[in-house]
Structures are given as structure tokens and as C-alpha cells.
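Just so it is clear: in the sequence shown, position 191 is 191 by full-length UniProt numbering, and no numbers are missing.
Any given hint could turn out to be false.
Claimed, not checked - Pairs of lysine to aspartate or glutamate residues, derived as EDC-like cross-links and limited to a Cα-Cα distance of at most 16 angstroms, are as follows: (1) Lys51 <-> Glu62; (2) Lys214 <-> Glu251; (3) Lys26 <-> Glu38; (4) Lys180 <-> Glu240; (5) Lys42 <-> Glu62; (6) Lys130 <-> Glu248; (7) Lys214 <-> Glu195; (8) Lys214 <-> Asp193.
To be verified - Label pairs and their computed distance ranges (CB to CB): (9) Asp123 <-> Ile39: 31 to 39 angstroms; (10) Asp252 <-> Arg15: 37 to 45 angstroms; (11) Ala204 <-> Leu81: 43 to 51 angstroms; (12) Glu174 <-> Ile39: 42 to 50 angstroms; (13) Arg37 <-> Ala204: 42 to 50 angstroms; (14) Lys88 <-> Arg205: 33 to 41 angstroms.
These aren't lab readings, by the way, just hints derived from the structure by calculation.
The beta-carbon is built from N, C-alpha and C at its ideal position, and this holds for glycine as well.
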Amino acid sequence: MMFIEKSAEDIIRTRCISTPEDINLKAIAKSLNAEVREIRLKGCEARIIGKNNRAIISVNTESSKGRRRFSIGHELGHWQLHRGLSFKCNKEDIGNPIQSSKHREREADRFAADLLMPRFLFDPLARTYKHPTFKCILELAGRFRTSKLAVAIRLVESNIFPMVLVCHNQTQREWFKRSKDIPERWFPQESLDHESTAFPILYARTEQDYRQHKVDASAWFDRYDADQYTILEQSIPYGEGRVLTILELYEDEMLEEYQKRPKGMDDLSWR
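With the hints as constraints, model all of the structure from the sequences given.
Here's what the structure looks like:
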């Protein structure tokens, strides 16, 4: 029976890769009996066709380089985890932060993230930054040669910073991800508050600002005690009619597992 390497990080480690620049996806794919072709695709972002122990992966040349690399990693995930099946993946299938019923697509995304940004390389580099900012994300995306959104999600999931990544369109919140240390009670509001720095960026299309801004937590969270705290916000335009925001919760009390009650109620309520 043919041995299949299923752990993306093991694939990186066994090839003695020690820097992000050493991650040659086409060479890795070839070693896994998968040929990568970059061609113009219509109706999909990437696809894989496999037979026996060989596969052909096609990725869309019209996508950005970082996006193409993540797509290759995604299709390799299908090859390693879901061998015997063929996949034709559209934009919504690859790197989609919204949880969906497409379980195999999310598994392939996880494999791609582990392959392109293995923890033993990603986390030490991420820790060299003092704050989770889009400048940090841009620089890490350059090192790992993958999409900025993939890096942003990886940064949240690394739990190095107490952060929330939120995407809004002009009518509602589309999705959000928060690091493990953020208590569940801090749940971003459905609609943008006009006190947020994201509001003018989304509705007035003001120029993006790579600085973090201190704002009242009540601009993002509608809890009764949100006005007692401040957070750091950084927002940038994200595609057509969207804004992407990083919230950094730097006050220790916001990260505690209990919540303070208003006067006259129990002092603490454990979560």
C-alpha cells in the first residue's frame, strides 16, 4: 500500500525546510506525485484531477501570486486528505473564513495554511512584532508569499495577540474570527458604529490608514460594560464595498474569564 503523508507540517520538516523562502510548492507537489499547471481557468479558482497515485493541479493565472500559492496548497490538501476524489474549487471554496457545510474544503484550507505557514516558522516571526497590524500582515505575507487574508487568519489562530479580525459590508457583518484568549462575551456588533474608524472607510471610502487608533470598546461591542474599556482598531478597505478590521484588546480586564456586574448585582459572574 502506498504511504501518504497527511501532515502538512511533517511534509515541511522532513524536507529540512528552515525558512519561508525555502517552501517551493511546485517541488513539494512533484515529490507528492502531483504536477502543478498555471493556466487560465473559467468558472473556478483551481482544480485537481487524480488517478491512482498521480494528480494534475491547475490554478488560475488571473489570480494574484499569493492567491495561486494558497490554491496550490489547498489542492494538495485534497490530494493528501481526500485522495480518490476530484475537486473543482471556486473562489468561495478556497480560503473562505466563513464556516460552511463544505467540510472537505475547510480541511483543505487548514492543510494549505499548515503547509505555507507552518507553526514552527510562522509563530517565531509573528512574535517579533509588538502589535497585530496590517503592516505586520503585509510583511509576513511577503515572507511566506501567500495571501494577506490567509496570513491575517493565521495570525488570529496563532493566539499570539488578543485580537479580533472582522469583515463588514455596507449592510452587515460578514464574518469575524477571534483569538483563543478573547472571552466569548466580546462579540462584534452586526452593524458598524459611526464612532469606529471603519465607518468612514467603508461609507466615505477615505484613504486607508495603517495606524492603530484607540477607540471606545462600545464602538464595536454592545455589552453593558463595553464603555468602560478602550481597544486598538485598525481598518482598511477590503475589496468592493467591504472593510476589514483588526481589533486588539489590550486591557487585561477584558481578557479575564469573569465579567464584572453593575453595582447592586453579584460582583462576579464566571464564564
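Okay, the hints, checked on the actual structure:
1. Lys51 <-> Glu62: Violated, at roughly 27 angstroms.
2. Lys214 <-> Glu251: OK: Lys214 and Glu251 at ~12 angstroms, within 16 angstroms.
3. Lys26 <-> Glu38: 11 angstroms, holds
4. Lys180 <-> Glu240: 30 angstroms, violated
5. Lys42 <-> Glu62: The given pair, whose Cα atoms are some 10 angstroms apart, holds under the 16 angstroms limit.
6. Lys130 <-> Glu248: 11 angstroms, holds
7. Lys214 <-> Glu195: Status holds; Cα separation ~11 angstroms.
8. Lys214 <-> Asp193: Holds, because 15 angstroms separates the two Cα atoms, which is no more than 16 angstroms.
9. Asp123 <-> Ile39: 31 to 39 angstroms: 35 angstroms, holds
10. Asp252 <-> Arg15: 37 to 45 angstroms: 42 angstroms, holds
11. Ala204 <-> Leu81: 43 to 51 angstroms: Because 44 angstroms falls inside the window, the suggested range holds.
12. Glu174 <-> Ile39: 42 to 50 angstroms: 31 angstroms, violated
13. Arg37 <-> Ala204: 42 to 50 angstroms: At roughly 43 angstroms between Cβ atoms, Ala204 and Arg37 fall inside 42 to 50 angstroms, so the hint holds.
14. Lys88 <-> Arg205: 33 to 41 angstroms: 35 angstroms, holds
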